Structures are given as C-alpha cells and as structure tokens.
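Undergrad: Now for the letters of each chain:
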Amino acid sequence: MFSLENITLIIHEWLNSHFNPTLALLSEFILVGLASITLFAVLGLSLVFMERKVAAVMQIRLGPNRVGPKGIFQTTADTLKLLMKEGLVPDGADKFLFTLAPFVVMIVAMLILAPIAFAKNFQIWDINIGVLYLSAVSSLSVIGILMAGWASNNKYSLLGAMRSGAQIVSYELSAGLSVLSIVVMTGSLSIKDIILSQENGWWIFKAHIPALISFVIFIIAVTAETNRAPFDMAEAESELTAGFHTEYSGMRFALFFLAEYINIFIVCAIGATLFFGGWMPLHIGQWQGFNHVMDYIPSSIWFLGKTIGLIFLIMWFRWTFPRLRIDQLLNLEWKYLLPISMFNLLLMTLVAIMGWHF
Amino acid sequence: MIEEIGRTTEGDLIINVGPQHPATHGVLHLVITLNGETIKKVEPHLGYIHRSIEKMCESLSYRQFIYVTSRMDYLSSHINNHGCALCVEKGLQIEVPQRAQYIRVIMDELTRIASHELWWGAMAMDLGAFTPFFHAFRERETITDIMEKTCGARLTMNYIVPGGVMAELHPDFQKDVKHFIQLYKSKFEEYNELVTGNVIFQNRMKSVGVISKEDAISYGCSGPVARASGVICDIRKLYPYDIYNKVEFEEITEKEGDSFARYVVRLKEMQQSIRIIEQLLDIIPEGDFQAKTKAVLKLPKGEFYQRVETARGELGVYIVSEGGTTPYRIKFRSPGFSNLSALEHMVKGLKIGDLVAAMGSLDLVIPDIDR
Amino acid sequence: MAFLIFIMFLKDYIKDVFEAVRSMLKGMRMTGYYFTHRKEIITEQYPDNRETLNLAERFRGEVVLIHDEKNEHACTGCSACEIACPNGTIKIINKFDITPEGKKKKAIDTFVYHLELCTMCNLCIVACPTDAIKMAQNFEHSVFDRSKLTKKLNNEGSKLREGIE
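Protein chains in written order, with the working numbering: chain W, 1 to 358; chain F, 1 to 371; chain E, 1 to 165.
No lab work stands behind these hints: they were computed from the structure. Please read all numbers here as calculations on a predicted model, not as lab measurements. The reader is advised that the hints may include incorrect statements.
[Unchecked claim] Each computed SDA-like pair below joins lysine to any residue, with the alpha-carbon atoms no more than 25 angstroms apart:
1. E:Lys15 <-> W:Leu173
2. F:Lys351 <-> W:Asn153
3. W:Lys192 <-> W:Leu140
4. F:Lys185 <-> F:Leu155
5. W:Lys335 <-> E:Phe18
Go ahead and model the full structure; you've got the sequences and the hints to work with.
TA: Rendered as structure tokens:
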C-alpha cells in the first residue's frame, strides 16, 4: 500500500548503509529542509489559485482561465512578475528591520511546521509538548508584523500594525482555550498521542457539544489570527489605512503574501489534527469491518482532505461577510468569545471527568 | 491614495481621501481632520470632473442639449433626460401623447431600479463584502439588455425627447420586462439573506451617520436621504408629472435617519418601482410615440423650472430663455450637491470606518455634483 | 433581585449569540448555493465568442451610409444631419452634377464622419429625411492611428438612387 512512511524508511536505510551515521543525519536534515521549502512554494501557489477560483465561482464568474490549461499557471506568472519588480526601501525607514520583518514571519511559519503530522509516522519532530510549542511559536509572528509596521516610517503602517498586533494577541487567548479543551480530553500535549487517541472516532463526534463549540470558536479565532476577512481591517483594500505591508514591494511583499497563506494552511492543519483526527481515517467505535475499509485510503489523503476542507471553510467566510470595525472586532473577542470559551473549558472538563463522552 | 499633509498645533492630523477611490463613487476629494481616530472636520473639495455642461448647453439648441444631460448623473440618465424634456415642453406648451407618457414612466422606474441595484452592490463592497456586487450586476445586466433593445444604448440613452420618445418600443419589450420582474422577485429574498439580515452589516450601519429631520430639511437633502429621516418629499407624489398621479404606490419613510434607515428606504423603493411597472405594463395605450413639433424649437422669452425625482433626490432644471433657438442660461439643481453638504454633520465624532459606511449610504455620484 | 437581572442578561446574551450565528449561516448558505451551481455563471468569454455574439439591431455603434447592391445610396446632400449634430461630427461636402436634362443639381461629394467626436446620440438618424444613414452594430473602434477615425462614408463610385428627392 502506498504510504509516505515507507519512503522515509527507504531513504533512511539507504543513507545509513552508504554513509557514516553523522553524515546520514546531516543529509537527512538538509533533505527535510528542502522538502519543507518545496512544500511552501507549492502550497503558496496552489492556495492562491484555489482562493481565486473559489471566489470567482461564488461570485458567478469564471476565475483565471487563460494562463495554462484552466489557468493553473496564473500564480506562477504572478510570482514571476513580483520577482521582477523593484524592491523599494522607503527613505528614512530602518533598513535592517525593514528587510528582516518578512523573514521573521517566514521563519516562524517554518518552525510551526515541525510537529505537524502529515501522515502516519511522517512527522518531522514529535516533541512531548507539541501543542504548547505550536501556541508559543505562533505568537512570535506578531513580532514580525510590528517590526514591519515600525520600520516603514509611515504613520499609517504603524497604525495598521498596532491594530493588527492587538487583534492577534487577543484572539490567541480564545484559540488557546479551544485547543486546551481537546487536550483535557486527551490527557497529553503531544500531537502523536492526540491523533492516536482518536482511533475510535474523531473528537468532534466523541465529545459532542463542548467539542462543537470549541471548534466554532477555534475557527473564528484562527480567522482573526491570520488577518483574514471578516477580520481584515488592518489590511483592508477599500478602507483608509492600508495596513502594515503598505511600503513593501517586490519580493518582500511576495514573502508576506506567501506567509499569510502558509499560516492559513498551518492553522487548518492544527484544527484538522485536533478536532478531526489528523491522518486518522474515520473510524466508528468498534465496527471492525467499516474501520478496515476506511484504512484502505492512505493516511496522507485523509490529512490533505480534511485540511483542504477547513481551508475552503475559511475562504467561504471571506467571500460572504463584510468587515468588522476594529472596536467591534475586539468587542467580539473580549465580551463573547472569551467567556464562552472559558465556560466551555469547564464543561469539557466536566464531561471528561464524568465520562459523558463516547 | 492617502497622504498626510501636516499636523496642526493641537495634535490633529489632516489627511486626504481621494480623489482616486477604490470604490465606485467617483473623483471626490475629502480633506479630513482627525484627532486620533475620531473625525473632527470633513471638507469636500469638488470640481475634479467639472465639464462645464451648463455653459455647453448655451450653444446647443433645445433638441441637442439633452444628450449632454445623460452624462450628468449617468446612473439615472433617463430621468435626467425626462426632466429636461418636460421643461422644454412646459415652455412650448406641447401636449405629450398618452403612449409616450406611459413609456417614459416605465423607463424611469426601470432606471431607478438599475441605479439602486448598483448602489446596493457598491455599498456592500465598501463595507467589505465583495460578493453582492456581482449579484447586483447580474440584475442590472438584464435591465440594460432591455434598454439596449429599445433605445440602442446601455448607459447614456438619449431616448426621451421634447414631445415624446425617440422611437417605438421594441416588440419584445413587454415580454422582457415581465421576465425581469419575475427574476427580480425571486432574487429579492436572496438580498435579504445575504446582506440585510446579516448581523455584521446591521452593526456597521445602525446608528452610524444619524441626521435629524430638521437638519435634513435645513441642509436641503432630498430623496432617500431625507425620507429616511422622516421628511415627506417624494416629487412623484407632491408635484406629479406625466402619469404619476394615476398610479398607486407608497412613499417610503423611516424615522431613525441612520445609514440602515437609508438602506431600507432604497430597498423598499425598488419594490415600489416594481409595483408601478406592473400596473402600467399591460395597459400602454396605442397612439403616437412623439407629438408633432416644429423642426426648430424656440422657447418664448421667460424662465421655466421643472423638478423630477431621480434615484438620488430632486433634480431641478431651470431654463432662462431670451426667445432664441438656444437657451440663454440653464441651471441644474443637483441632488448630490446638497446631500454631500450634510456629510460633515453626519460623521462628526465618529471613527474612520464609519465615514465609509455613511458615504456609501448617501449614494453619491460625483459627475452629478460637479456637472 | 440581582439574580433575576443576571438571568435576564444571560437570556439576552444567549439570544444575541444564536441570532448572530443563524444570520451567518443563512448568508453562507447563499454563497454556498452559488458555489455548487456552476450553471449560474454568466460570464461571456469575449474574444472567443465573436461568432455567436448578437447585438440588438438598434445598437448604436457607428454611423454608416446605407448602400444597396448597385452601389447606390439615398443621401441627397441636404445637410440636415450636419445641422442636427450637437458637436460637429458630420461634414457634408457637396458638388454640382449635371443631370441628363442639362440642369445643375446638388449632389454629395464626401460625407466626412469624425468617429472620434461622435457621441452616438442618434439625432442625425432621426433628422435624415430620406433614411439614408443608420447605426451599425460594431463596437470595436480602437485603432493605433488617429487619422483612421476620420471616415468617408460614401463608397467610391456610388451615386444617388433614382427617385429620391
């Protein structure tokens, strides 16, 4: 059966049999690095294309369909165009920070990739505090945004970056509490354990009502964290302040843009892992026959399917709802999402202790 | 799009919005004085699209100047033409045949619906939802196709002339309009679901840009802007022209005077327009479509004024004639100009995000203001 | 007493949340409907569909002089269209023909039409007493050279049809 872990095992065996262990380890590091960079590039291109097509069909029109068959080379053409543009550094801007900011955001995105399990036994690093690592490192992206806003020497970039920073920091609380409620059920922070505990069913089905509320809050919170509509006041195109990436052009802008889409992929991957089982196929309790049939579909396909489903949900939000004003946005978080998620955590703990789950 | 000009000594910020907008308003230049994020003063600077239409009309004859007025408020072009034609007919005491009157009123109401559709799409786009814009254009496309078959043009239709209309209706007209009415009725529910009932839209529009009834009257607002504050000012009811005194429709007023009230007034006006068209469509009488007039029109010496209700408010056409073949002076009282003057009063003390919602709900078309 | 107020507040709060979620789901259902029904797409893929495009017959594209199969037109050179045009788009240049009876008759030499100035207002078509001109349906007028926009509407060697006055 096709399975990604076989590929990694074969490569591991081949390297160890031909070189000494240190060199083998080093070359594995390099291979993993190259693979993740390739993954980013491919993801960036395909997600942007997917967004444009989804937006188009919802707006009763065709999307890009000229460049390449059915328009699949559109994003490649756009990337080439961005590469050839002049990367302008504004006069009076802090040159070092200005150049560093997109890289900080990109590095954070790559670091978060480490504990995510793409298929069975296909994880870069399974640390025992997986979920905590994810929350902690994703908070570092705020630094990149604030750096970009400050270093641009533009009052409107600074205003937009401050707003964006406030928004991200507030919504991390609700996202963290939702994640915590699943950890309560599992009893472990490591990603592998969370996925293995969903062997007899996904958490969204097993822990019914609290998990559903958690999931809804999680989706709203991560939409706000990645600055997507309806929470994109900080980078709105038809509002006044044009956001923290106003002064960026050319390759640096392309990096910010790419980092936004990578972030969406990553938070959807986390959501799929926690609530929908990651690479675990759909199993129902102890129905061995059904479970056996479901196991035929490779685990990487399960993972990709779930993640893309959640990405589609987030895109669906963008093209349906208008923007919230900045004070309404913070209002939503502090007065509605946070109390509900705290209450939900209590509810989930009660359900876990009393065993009222499947 | 935005540059900062300077800071005043009290710590205020002066920024420019425009003249180029990402939204569909046109070339409007607003100079806003901000204190932090609160708006203290709004000053519109006009004239970026001034084409001296009133001066041009002084060298054109009474048949020729009507095509220029289509380009003033290009979204309600039939109604502009209608106003000018009525003013000329008032001067010459021409009697318009019944068939022409019915056709004119139906074209007016179709134009009103098309204009409100575009306003609806653009307002949703200003607030951040991009999808309703395309849905609105689908309905508008049906209307412009109907216009194209009869008048020949889609936006600036020079179809209403002094004495009647320029050409006979296309044979498919009634069938097409019936098809459109059916399509529209099925889509109206969708508009409610997608935009009006949505909690985010309501929170962005309620209590934003409130203007009271006395203030609306004193600033000279007209049309849906004034009607949303409770002023009864529908020209079609108060000073009816053509056959508006024979159709039944309601004048929609609301009391709150905020952006949401203006929104609801326009949506309900669209439904009333459908009602008017339905009443008139089947009973168009036979007859001439244009009264017989002389080849060269000469208005007698004097002053003539005619007011019509466009989609934005009251348009006034004022012709001063010295007895020649061309007018001595024409002045247009444009609805957008007075509505825009109320903008500062509405947004004082609110945040920047509210400015966009308030401006969208005023439904400004800048060529109408600048002429 | 305070407990009752708290319960009322809680009831309103929960009602707010439910109303919000319900209106969101209704909106999403609408766009989801359009996502799944691809037949609603109304885009016309323009440069590819030139053969199947049919414009209304009254569409105001540009002014043309109607010529029949014998290369004859109906324009007598009366200049009614030139007078009716609001912005000087048409210029009629006349010449004098000798009829078979020997009398001098006015006939049209060149019908100059400035496409760059025309606003397609239709006043010239309405003013023509012999229905010699009409509006054609083509809308692709862009050229690289501005002098191509000044057109001569009467064909080479065409003449007035018999019996038109």
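Undergrad: Work down the list of hints and note, for each, if the structure agrees.
TA: Hint check:
no.	hint	result
1	E:Lys15 <-> W:Leu173	holds (24 angstroms)
2	F:Lys351 <-> W:Asn153	holds (23 angstroms)
3	W:Lys192 <-> W:Leu140	holds (24 angstroms)
4	F:Lys185 <-> F:Leu155	holds (24 angstroms)
5	W:Lys335 <-> E:Phe18	holds (15 angstroms)
The structure agrees with every numbered hint stated previously.
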